[in-house]
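Chemist: For reference, the chains in residue letters:
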Amino acid sequence: MGKKIKKENLKKLFDDISKEYRVIAPVKRKDDYVLMEVKDFSEVALDYPTTVLPPKKFIMPYKEPIFALDGGEFKEIIPEEKIAFFGLHMCDVNAIGRLDLVFWNDPYYKARREKMLVVGISCKPIETCFCKSTGANVLTNACDLFLKADGDSYVGFSMTEKGRKLLSQLYFGPETVDVKEVKIDYDEKLHLDVYAIGKKILEDYNNPVWEETAKKCLACTNCTLVCPLCYCFDVIDETFVVPNEGQRVRCWDSCLLLSFARVAGGHNFRKDLKARYRNVYTHKFKTFVDEFGVPSCVGCGRCITFCPADIDMRETLSKLGGA
Amino acid sequence: MKPKVAIFDLTDCEGCEVQIVNSKFIDRVLGGVEFVHFRLGQRVNRWDNFDVAFIEGAVITSHELELVKKIREHSKLVIALGSCACFGGIAAITNFMDREEAKKYVYGENADKIETLYIKPLPEIIKVDFMIRGCPIVPEDFERVVSDLFAGRIPREHTRPVCMDCKSKGNPCQLLKGVACAGPVAYGGCGAPCPSAGVPCDGCRGPLEDPQTTAELELLKKIASKDDIIRLFRKFAPMAPIFKEIGGGKL
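Those protein sequence lines, which keep their order, are chains A and B. Numbering of the first sequence is given in our numbering, commencing with residue 1 and proceeding in unit increments. Numbering of the second sequence is given in our numbering, commencing with residue 1001 and proceeding in unit increments.
Calculated from the structure, these hints are not laboratory results. Misleading hints may appear alongside valid ones.
Sample of chain A residues facing chain B (criterion: CB under 7 Å; computed from the structure) [claimed, not checked]:
#1 Phe-41
#2 Val-44
#3 Pro-61
#4 Tyr-62
#5 Leu-218
#6 Phe-240
#7 Asn-244
#8 Ser-259
#9 Ala-261
#10 Val-263
From a predicted model like this one, the values you see are computed outputs, not experimental measurements. For each residue, glycine too, the CB sits at the ideal point set by N, CA and C.
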């Protein structure tokens, strides 16, 4: 059951949330949109195609200190901030849900995530969207509150206790709407059976598509950085000149880099870019599915939008599927 | 006894030395080492045997050629400081020109009095133990190398392209805007100050390990002229491997 909220009342909802949380929302930049900290509701872009970086920018920051060495004493750094996302699309909300599958027992991730509020909002799918193919177009409890556009107003759906609290506020309702399932429905440019394709990756390991695409690939790592589910990280020890002061940081890494699969002694499991490029897909659509039942891709399309080399993940997948 | 450190400068702008002075940990560095030779930073300098010598700048005169050999003989470790030392730097653009004409263009009738050699990167002249790249270097790299040396570790190379510094900040992609950018093949760790300020990466830190040069050049040819591509790679690290070939016209 959902409750209606008038568009002009969204500000009240936002202000309520701001009292308790550091609010992160989509904001228009010159030619694109970014997720950033927002103090005033007027800065929020309610209608946007996609943001450059996904919510992971705030959930597991690019470079995150995990412990500090201070005068010879070790101090664990557990994040204490309370973050609220305001206005995430369904794909990004579900990406958080899939990150939960991997990181729920990670103390740094959990500390942020448990205190977090996620407010989703309707989207207008764009040309690069394929969330239906990845099953990420359906509302799940990764979202506390979802705002579905309905003419001039929105209908709020709560999925958690935090969401229900907000939904009980006076700026929602009294009108209610009965809906069994909240989902984003549209015609995808290319619908893919990603589960079937994922199974084929290992069976057809030397498919020419890897070689072809790797030739175009710059290994710039942009696709993995903008991916809401590429979570691989490196751990680096930094010392600040003097030997008893420093920190250990967790920093985003990318499996497209030569250094990624290099181990002590210098052996490298994925020397060729072809193998590294294939690894992105093997992990997303085969091994992750085997482990967690869903692909580690939500079809947000960022890897397509932000690839300077014009590589389209959907095309690679469909060639692999033999379509 | 504190390690004895020297910082020498050859033909350059001294910008990298300024970056060292800019380091927020300079007091810690000063507390940990003895600068026995640092012309830009102190008044009294002397020759000694150095534990570490940093050499900034390009070798352009025979005097500098002799000097770097002498520094090598006096030092346990030699570290090339900045892209002039590592890759010839801006001065090495003249390597792609007629040297006599370039001299006349710059010095006019005094050209005859000027000595200028073909500019080789420092590691081609003497043994260099590590390179701190960049035009200029970033203070963090200097701090990292000094920290590692203090801790008895081999300094770690950056293995990420400038794109990673850039996109992790959420910057718009220069290549997607149709601007020729060296980011994908450029050695990162700089924090991508150029694309963050809205201008493309010039690859001042030289090439990344395993750069996808063929794919990068294919892409650049679609958005830039051959001359522009050559200029891009000839700018700050003209004598770096790969960049040298592109700058020389091998596209």
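Chemist: Restraint: Ser-259 (chain A) near chain B, CB-CB cut 7 Å. Satisfied or not?
Modeler: Result: holds, 4 Å to nearest chain B Cβ.
Chemist: Minimum Cβ distance from Val-263 (chain A) to chain B below 7 Å?
Modeler: Since the shortest Cβ distance to chain B is 14 Å, the answer is violated.
Chemist: Does the nearest C-beta of chain B fall within a distance shorter than 7 Å of the C-beta of Pro-61 (chain A)?
Modeler: With a closest approach of 9 Å, the Pro-61 (chain A) hint is violated.
Chemist: Hold the hint about Val-44 (chain A) up to the distance rule: shortest CB distance to chain B must be less than 7 Å.
Modeler: violated (17 Å)
Chemist: With 7 Å as the cut and Cβ atoms as the points, is Phe-41 (chain A) at the interface with chain B?
Modeler: violated (22 Å)
Chemist: Would you check whether Asn-244 (chain A) satisfies its interface hint, that is, whether its CB is within less than 7 Å of any CB in chain B?
Modeler: Given a least distance of 10 Å, the restraint on Asn-244 (chain A) is violated.
Chemist: So, as I understand it, the hint says Ala-261 (chain A) touches chain B; can you test that by seeing if any CB pair is closer than 7 Å?
Modeler: For Ala-261 (chain A), the interface hint is violated, since the closest Cβ of chain B sits about 12 Å away, which is over 7 Å.
Chemist: Min Cβ distance, Phe-240 (chain A) to chain B: is it shorter than 7 Å?
Modeler: Check passed: Cβ of Phe-240 (chain A) comes within 6 Å of chain B, closer than 7 Å.
Chemist: Against chain B, run the beta carbon of Tyr-62 (chain A) and see if the smallest gap drops under 7 Å.
Modeler: holds (4 Å)
Chemist: Would you check whether Leu-218 (chain A) satisfies its interface hint, that is, whether its CB is within less than 7 Å of any CB in chain B?
Modeler: Leu-218 (chain A) check passes; min Cβ-Cβ to chain B is 4 Å, inside 7 Å.
Checked against the numbered hints listed earlier, the structure breaks hints 1, 2, 3, 7, 9, 10; every other hint is satisfied.
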